[in-house]
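A.B. asks: Protein chains in written order, with the numbering used here: chain A, 1 to 498; chain B, 1 to 487; chain C, 1 to 148.
Think of the hints as simulated: they come from the structure by calculation, not from any bench.
Possibly wrong hints are sitting among the right ones.
Stated by the list, open to error - Capping the alpha-carbon separation at 25 Å, the derived lysine-lysine pairs in DSS-like fashion look like this:
(1) LYS357(B) / LYS438(B)
(2) LYS156(B) / LYS444(A)
(3) LYS454(A) / LYS105(B)
(4) LYS409(B) / LYS358(B)
(5) LYS153(B) / LYS444(A)
(6) LYS372(A) / LYS454(A)
(7) LYS372(A) / LYS138(C)
(8) LYS357(B) / LYS409(B)
(9) LYS454(A) / LYS298(B)
(10) LYS409(B) / LYS384(A)
(11) LYS107(B) / LYS454(A)
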Amino acid sequence: MASEIKQTVLHLSDHLPILQVVVPMLIAPIIVIFNNRLIAWLLSFFGTIICLIISVALMWATADGSVLTYFLGGWVPPVGIEYRIDAANSILLFLISVISVIVMFFSSNALISEVPKEKHTLFYACFLLCLTGLLGVVATADIFNVFVFLEISSLSTYVLVAQGSYVDRRALSASFNYLIMGTIGATFFVIGIGFIYMATGSLNMMDISERALELGNNRTIQAGFAFIIVGMGLKLAMVPLHIWLPNAYSFAPTVVTCFLAATATKVALYVLIRFVFSVFNYQYGFVSEIFLFLLMPLGIIAMIVGSVIAIFKQNLKKLLAYSSLAQIGYMVLGLSLLSEKGLSASLVHMVNHGFTKAALFMALGAFIINTKNPYLSSIKGLGKAMPLTSAAFVVGGLSLIGVPGTAGFISKWLLIEAVLEAGYWVVAVAILVSSLFAVIYIWKIVEVLYFNEKPENHGELSFYLVSPIWILALFCIFLGLNTGLTVDIANMAAEILF
Amino acid sequence: MSVSILIFIALLLPVLSGILNIVFRNKADLRDSLTLLGTFLTFYTCLNIYWGFEGEIFHVSLFTIMPGLEVAFHLEPLGIIFSLLASGLWILTHIYAVGYMRGAKEKNHSRFFLFFSISIATVMGISFSANLFTLFLFYELLTLITFPLVSHKGSKDALRGARVYLSILLGTSVGLQLLGIIWIYYNVGTLDFIAGGILGDYFSYTELIILVGLFAFGIGKAALFPFHRWLPAAMVAPTPVSALLHAVAVVKAGVFTVLKVGIYIFGVEKLAISETTDWVVWIACFSILFASLIAMKKDNLKARLAYSTISQLAYVVLGFALANSLGILGGTLQIITHAFGKITLFMCAGSIYVATKKTNISDMRGLGRIMPITFLSFLIGAISIIGLPPLGGSWSKWYLILASLEAEKQFVVIVLLISSLLNIGYLLPLVARGFFLKPDTETENKRFSEPNLLVWLPPAITAAISFLLFFYMDYIRNFTVEFGLVN
Amino acid sequence: MTMSGDMDSYYLSFIYGHLPYWLFIILMLSGLFIVVSRGNLIKKIVGLNIFQTSVFMFYISIGKISGGTAPILLDKAAGKTDVLYSNPLPHVLILTAIVVGIATTALGLALIIRIREEYNTIEEDEILEMDTQAYRAKNKDNAFEIET
Numbered sequence: 001m002a003s004e005i006k007q008t009v010l011h012l013s014d015h016l017p018i019l020q021v022v023v024p025m026l027i028a029p030i031i032v033i034f035n036n037r038l039i040a041w042l043l044s045f046f047g048t049i050i051c052l053i054i055s056v057a058l059m060w061a062t063a064d065g066s067v068l069t070y071f072l073g074g075w076v077p078p079v080g081i082e083y084r085i086d087a088a089n090s091i092l093l094f095l096i097s098v099i100s101v102i103v104m105f106f107s108s109n110a111l112i113s114e115v116p117k118e119k120h121t122l123f124y125a126c127f128l129l130c131l132t133g134l135l136g137v138v139a140t141a142d143i144f145n146v147f148v149f150l151e152i153s154s155l156s157t158y159v160l161v162a163q164g165s166y167v168d169r170r171a172l173s174a175s176f177n178y179l180i181m182g183t184i185g186a187t188f189f190v191i192g193i194g195f196i197y198m199a200t201g202s203l204n205m206m207d208i209s210e211r212a213l214e215l216g217n218n219r220t221i222q223a224g225f226a227f228i229i230v231g232m233g234l235k236l237a238m239v240p241l242h243i244w245l246p247n248a249y250s251f252a253p254t255v256v257t258c259f260l261a262a263t264a265t266k267v268a269l270y271v272l273i274r275f276v277f278s279v280f281n282y283q284y285g286f287v288s289e290i291f292l293f294l295l296m297p298l299g300i301i302a303m304i305v306g307s308v309i310a311i312f313k314q315n316l317k318k319l320l321a322y323s324s325l326a327q328i329g330y331m332v333l334g335l336s337l338l339s340e341k342g343l344s345a346s347l348v349h350m351v352n353h354g355f356t357k358a359a360l361f362m363a364l365g366a367f368i369i370n371t372k373n374p375y376l377s378s379i380k381g382l383g384k385a386m387p388l389t390s391a392a393f394v395v396g397g398l399s400l401i402g403v404p405g406t407a408g409f410i411s412k413w414l415l416i417e418a419v420l421e422a423g424y425w426v427v428a429v430a431i432l433v434s435s436l437f438a439v440i441y442i443w444k445i446v447e448v449l450y451f452n453e454k455p456e457n458h459g460e461l462s463f464y465l466v467s468p469i470w471i472l473a474l475f476c477i478f479l480g481l482n483t484g485l486t487v488d489i490a491n492m493a494a495e496i497l498f
Numbered sequence: 001m002s003v004s005i006l007i008f009i010a011l012l013l014p015v016l017s018g019i020l021n022i023v024f025r026n027k028a029d030l031r032d033s034l035t036l037l038g039t040f041l042t043f044y045t046c047l048n049i050y051w052g053f054e055g056e057i058f059h060v061s062l063f064t065i066m067p068g069l070e071v072a073f074h075l076e077p078l079g080i081i082f083s084l085l086a087s088g089l090w091i092l093t094h095i096y097a098v099g100y101m102r103g104a105k106e107k108n109h110s111r112f113f114l115f116f117s118i119s120i121a122t123v124m125g126i127s128f129s130a131n132l133f134t135l136f137l138f139y140e141l142l143t144l145i146t147f148p149l150v151s152h153k154g155s156k157d158a159l160r161g162a163r164v165y166l167s168i169l170l171g172t173s174v175g176l177q178l179l180g181i182i183w184i185y186y187n188v189g190t191l192d193f194i195a196g197g198i199l200g201d202y203f204s205y206t207e208l209i210i211l212v213g214l215f216a217f218g219i220g221k222a223a224l225f226p227f228h229r230w231l232p233a234a235m236v237a238p239t240p241v242s243a244l245l246h247a248v249a250v251v252k253a254g255v256f257t258v259l260k261v262g263i264y265i266f267g268v269e270k271l272a273i274s275e276t277t278d279w280v281v282w283i284a285c286f287s288i289l290f291a292s293l294i295a296m297k298k299d300n301l302k303a304r305l306a307y308s309t310i311s312q313l314a315y316v317v318l319g320f321a322l323a324n325s326l327g328i329l330g331g332t333l334q335i336i337t338h339a340f341g342k343i344t345l346f347m348c349a350g351s352i353y354v355a356t357k358k359t360n361i362s363d364m365r366g367l368g369r370i371m372p373i374t375f376l377s378f379l380i381g382a383i384s385i386i387g388l389p390p391l392g393g394s395w396s397k398w399y400l401i402l403a404s405l406e407a408e409k410q411f412v413v414i415v416l417l418i419s420s421l422l423n424i425g426y427l428l429p430l431v432a433r434g435f436f437l438k439p440d441t442e443t444e445n446k447r448f449s450e451p452n453l454l455v456w457l458p459p460a461i462t463a464a465i466s467f468l469l470f471f472y473m474d475y476i477r478n479f480t481v482e483f484g485l486v487n
Numbered sequence: 001m002t003m004s005g006d007m008d009s010y011y012l013s014f015i016y017g018h019l020p021y022w023l024f025i026i027l028m029l030s031g032l033f034i035v036v037s038r039g040n041l042i043k044k045i046v047g048l049n050i051f052q053t054s055v056f057m058f059y060i061s062i063g064k065i066s067g068g069t070a071p072i073l074l075d076k077a078a079g080k081t082d083v084l085y086s087n088p089l090p091h092v093l094i095l096t097a098i099v100v101g102i103a104t105t106a107l108g109l110a111l112i113i114r115i116r117e118e119y120n121t122i123e124e125d126e127i128l129e130m131d132t133q134a135y136r137a138k139n140k141d142n143a144f145e146i147e148t
């Protein structure tokens with residue numbers, strides 16, 4: 001039927017979904033070939049900016065609820081691989097791209113203090129591959145493709161975490177443990193995919209959800225779902241599968257920690273959301289039961305226990321890592337409500353927490369550049385020596401606590417509203433208690449920063465290091481006052497997913 | 001000039017004065033006079049708002065965060081009174097603070113005045129806020145901005161006090177108040193302040209009781225027992241901070257919020273019919289007596305005044321809990337008269353400290369003869385707090401007694417009378433000690449004298465205003481009646 | 001046949017018919033057990049490999065159809081219509097997974113080499129002990145916090 005094949009003019013804009021993923025992937029080998037530190041940074045920075053532009057264009061196109069699809073190589077699904085961009089993943093693509101641009105800018109001056117110069121080219125290549133993986137996971141609508149991209153991002157993440165060994169050799173064992181845990185998680189995930197494929201014979205998300213609907217409560221699908229929950233639980237560091245996270249975050253170079261904390265776990269959570277809503281039908285009894293009786297308690301435990309542990313930590317990177325665990329608890333909790341409001345709260349918190357934690361880790365990184373170690377005792381009085389960085393840290397901290405006018409407040413507000421809608425009073429109180437713990441561990445740092453004598457030998461850092469921190473801090477405030485970017489799109493996404 | 005612009009000017013002027021403080025941090029005189037100009041302009045702006053106010057419904061939205069959740073301002077009598085009170089007293093406190101900070105040789109003046117000014121801006125935000133969310137936003141900002149003021153000395157004690165201050169205020173507001181706000185927003189879909197309340201029939205009797213509790217305790221700045229500990233802890237701050245913030249701005253922001261929530265969210269009549277605030281009456285009464293009794297035992301003057309404040313704040317909460325028009329009027333008047341009375345007392349305490357470095361009442365024998373103006377001002381302030389004519393404080397007590405009779409809660413009258421007696425018991429001995437007792441040695445007090453003009457004049461002025469308030473109280477009452485705050 | 005004979009043959013056929021799955025489960029669990037229980041990092045990697053291999057087996061067994069032949073379209077081209085093919089897709093998928101597995105193994109081994117360079121051991125508990133002692137020696141004030 002050759003007559004039906006239309007001669008289409010190729011527009012660049014039609015290829016945005018794939019370009020989003022391919023651009024960093026292509027730049028990675030190029031910079032390895034050049035093997036020049038400056039060129040590597042320039043090209044990577046350029047690449048991340050292109051990613052950002054593409055993601056903004058995609059978000060623009062999908063903000064009204066429309067869905068962009070792209071068939072890889074022109075093969076129509078379910079045979080071919082489909083890339084599918086809607087409001088839910090465009091907002092994550094945006095988050096990942098923005099953070100990568102800012103982190104890239106920060107790394108131009110920050111990386112030198114943690115990684116030897118000759119490794120920078122390879123570092124940037126790994127970073128770009130990690131970015132590719134994360135973007136790919138989010139963009140694709142093919143479940144096996146999800147696995148492949150997840151492993152691309154994970155493998156490069158293990159390498160990036162191990163780069164911390166130039167400062168502290170414990171980074172190596174942290175990275176190794178992460179590798180073991182991450183691979184177990186990924187393998188569980190593949191097993192789950194195998195079960196789904198067994199039952200439905202398809203790998204395309206939309207296709208599976210239609211076919212699974214006909215099968216009803218199928219045991220094979222249930223088994224697949226269980227494997228995927230565990231696999232993704234490992235990747236997103238859901239308590240009690242979190243033990244790799246604190247070490248990996250605290251021994252990785254700051255640049256990496258900053259990027260991972262803001263994006264990696266969110267992407268894993270996104271995969272879970274996608275599977276629950278687009279692949280499985282969340283109305284199946286077994287899905288809602290697992291969410292109510294497993295994920296919700298785990299989310300609450302993460303929220304409380306993560307915050308409590310954070311209070312007692314002296315290593316600030318570890319403190320923030322445990323705080324991340326608690327924040328992941330919030331997201332899991334929002335998701336576990338299986339309501340439109342809960343889902344939207346979860347998505348909003350992903351973005352808001354991404355910016356907040358990136359700002360905190362980056363400011364902490366700036367302290368560490370000066371003090372050379374991440375302990376509470378070493379940042380004494382830096383509030384006077386590094387006023388700009390410290391102020392940004394305070395802004396990030398306030399957002400983490402959820403003070404009105406900051407991004408964190410919005411997500412907490414939405415989450416509590418969703419919890420009240422579901423009628424779980426106690427959970428709402430638990431959320432607030434957890435934010436009070438956040439007050440304690442943030443204020444512990446603020447006091448040490450400001451209520452000590454100004455240290456002699458430290459001063460404010462250069463513009464290139466302070467400005468990205470402040471961009472993130474301003475994002476924390478901006479997203480707290482203008483929710484058009486987050487809440488509206490998240491609501492749209494929740495509507496589409498339901 | 002349109003009202004909305006005036007409101008923004010009132011919000012921005014203090015911030016601007018604060019920033020100028022940092023810009024001219026090395027030129028002390030220029031810096032302080034610029035801020036003084038700022039205080040006058042702010043007060044003038046508030047006056048203009050007051051003159052222009054004719055009861056029209058006015059609402060300006062700054063930006064919308066989510067549907068039904070916006071940062072917006074409006075005008076209503078209670079807010080106007082509060083803004084006038086805060087900005088007016090800011091002038092006097094600023095003059096006093098300049099004298100105090102120089103006299104007591106405190107450090108970091110520009111930082112101090114920066115946060116001081118910005119805290120006034122947030123108070124302006126609180127008084128003009130058009131919905132509970134905006135109020136909450138500025139309420140939290142006020143807590144955070146006053147933190148550096150409380151911990152200004154930077155010593156271990158200051159830090160510990162400031163920590164208590166922050167944890168109780170943030171803890172109650174995040175843990176209780178926020179929950180109440182979100183609950184209302186979830187059920188009603190709006191948080192706007194509307195006369196007569198917005199709750200409608202969304203809440204059952206039990207839920208209303210819980211909601212009242214979430215606000216009565218959640219508004220930690222009102223210092224209702226058992227969340228009162230932050231106020232004595234905050235007394236580590238320099239005295240001007242204690243004077244303005246912990247006699248006027250912060251604590252009054254608390255009780256102002258209580259009244260505002262009572263009038264515009266719950267609705268006074270609804271509260272009266274549902275009788276959901278009865279238990280708060282008991283708590284408030286307990287708070288009044290309990291704090292007064294503790295005040296008797298405190299030898300440190302500022303700590304004694306702090307407990308006295310806790311007791312007096314509970315009067316306003318009582319006005320809300322009595323849930324009738326007279327109670328609201330009594331509460332409103334109490335906000336005003338107590339502000340003038342207590343700021344006088346605090347400034348006098350500061351004057352004594354600047355002149356003699358003495359903080360304990362037992363050491364103050366005979367000082368009255370050396371510092372007659374300060375001690376006379378203290379006496380007038382004390383009588384106003386006690387509630388004796390011819391001073392302003394008598395009116396608020398008067399209306400609160402009437403309100404408790406109308407609510408048929410006679411025991412409250414007895415509590416109020418006992419409290420006044422206790423007030424006499426802990427406030428007047430200082431004056432008596434100052435005037436009638438002799439110091440241990442004849443020469444001991446010789447080296448002291450009245451501190452400089454900037455320090456002794458402001459309390460004298462506020463004392464005089466306390467006196468004037470007795471005669472012009474009807475004017476304020478009419479203002480509230482005319483615009484429907486009370487009937 | 002008796003009733004019990006029926007049941008016996010049912011169970012037998014259940015076990016026999018699902019033989020690849022049994023193997024898959026046994027391999028998977030033994031692999032996982034090795035990863036968790038062994039302190040030697042190399043052994044952990046070996047366990048991980050066994051674990052992954054079990055998944056490869058699982059995928060390949062999915063694709064097999066009884067009586068199916070290799071999916072090479074020559075037969076059909078020759079005009080035979082009743083040829084039954086096995087599903088080739090799982091094989092393709094697992095090729096990708098094998099590549100990922102090899103990359104993981106390579107990276108894991110590279111990390112082990114670096115760990116041995118730094119610590120001079122590849123036993124997990126010895127590394128932990130060295131880290132804890134180094135930490136205690138450096139941070140005498142923070143004795144409460146045990147870093148691992």
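A.B. asks: Going back to the hint list, which numbers does this structure go against?
C.D. replies: 4, 8, 9, 10
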